[in-house]
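Undergrad: Protein chains in written order, with the working numbering: chain A, 53 to 246; chain B, 93 to 275.
Hints in this document: simulated from the structure, not taken from any laboratory.
Take these hints with a grain of salt, some might be off.
[To be verified] Interface residues of chain A toward chain B, partial, derived using beta-carbon atoms under 7 Å:
no., residue
1, Phe82
2, Thr83
3, Thr86
4, Ala88
5, Thr89
6, Thr91
7, Ile92
8, Ala93
9, Ser134
10, Thr214
11, Ile215
12, Pro218
13, Gln240
14, Gln244
Each residue gets a CB set at the ideal place from its N, CA and C atoms; glycine is no exception.
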Amino acid sequence: MRLSLQKIVLSIAIVGAAAGIAGLGTFATFTSSTSATHTIASGTLSLTAPFSRLGTGASPIAAGDTMQRAIDLSYAGSIAFSTVTLTTSASPSSLLDTDATNGLQMVIDKCSVAWTESGPPYTYTCGGSTSSVLASRALIGTDLALTNLTLTAGATDHLRATITFPSAAGNTFQNQSSTLSYAFTGTQRAGQSQ
Amino acid sequence: MSGKLLKSAVVVGTASSFAVLGAAADLADASRGRLQAKGPQLLIAGRNVQRARAVAPGDSIERTIVLRVRGRGELRVVALAVKAKRASLLTDRTQGLRLSMVRCSRRWKRRLRAHSYTCRGRRTRLVTRKPVLGRRRLGLRLRRGEKAYLRLTLTLPTRAGNALEGQTSTLVYRFRAVAQATR
């Protein structure tokens, strides 16, 4: 009789413990998840030149000559511009662009309205107000900072580049030829919290 | 084995069963006349996180999310999985968005005139500038009635190139939690 009781009690203990373990196991597998969606769209910025005379060459030129060329810069896109820079290069190159003192010099001005063109040879007059975009300097340069630009999407800046062949240029500058490239680069505004 | 020892074993065994069954009873849906296991649920406030437009390299997108528990019990939020419902170069591992996540012990306070938030409580970093897509381990414990105030920050690296212009991605943030055993 005593042995039977022990057996029964032992069975209950095992069942109880097993139920407990089973319950714990089941409980531990309960999971829950939740989610949210989020759309992110990057912006755009676009700098174009809808009008440009910069590709028009000049030949032959003599010391003391000036050449004027107009270019319009237009801004578009959903991201604001912070700066526009100009990089000029020459290929093929010659004394005309490698001599920073007596070689070609450049100055860029802006007109508040479109420049009035005459020529060729091209010359320009401004019917509005003018401002300086790049002070006189040697033609070749990298990442030259341009000032007084609008930089607003939908706007256009009317620029005029005046290239001067200094009258101090000597005979070594005769019969030289350079092909110039102008690259305007717009840079986005600084990063910000959205 | 003596009778006394067996008796002790019986008491421990049944007590353990009751504790677990008791917890299970809390989860039962008695109104339906059947025993349906139902653990505590993880809820998120606001299923649609405010969209970000015209994002540029260097930008940070800060958004807050509040997690809470419905039902009895405690949850451990074990993971955050971020998937792209709509993928684009913005989710590129190298140049694309980076994700950070911080928990604040109090509700995040939005700065005036800025889409950014400050924490006036205790901060806990959960994820630090990782590529946005993927699964991240978390270790958040949430008791009944407790809320987890989270701030997600997505950053588009300054080195992101022009190829990332005009791209759109829709992300799904999925938090996964497991129920904690009742003590």
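Undergrad: Which numbered hints turn out to be false for this structure?
TA: Numbers 9, 10, 11, 12 - these are the hints that the structure violates, sorted from lowest upward.
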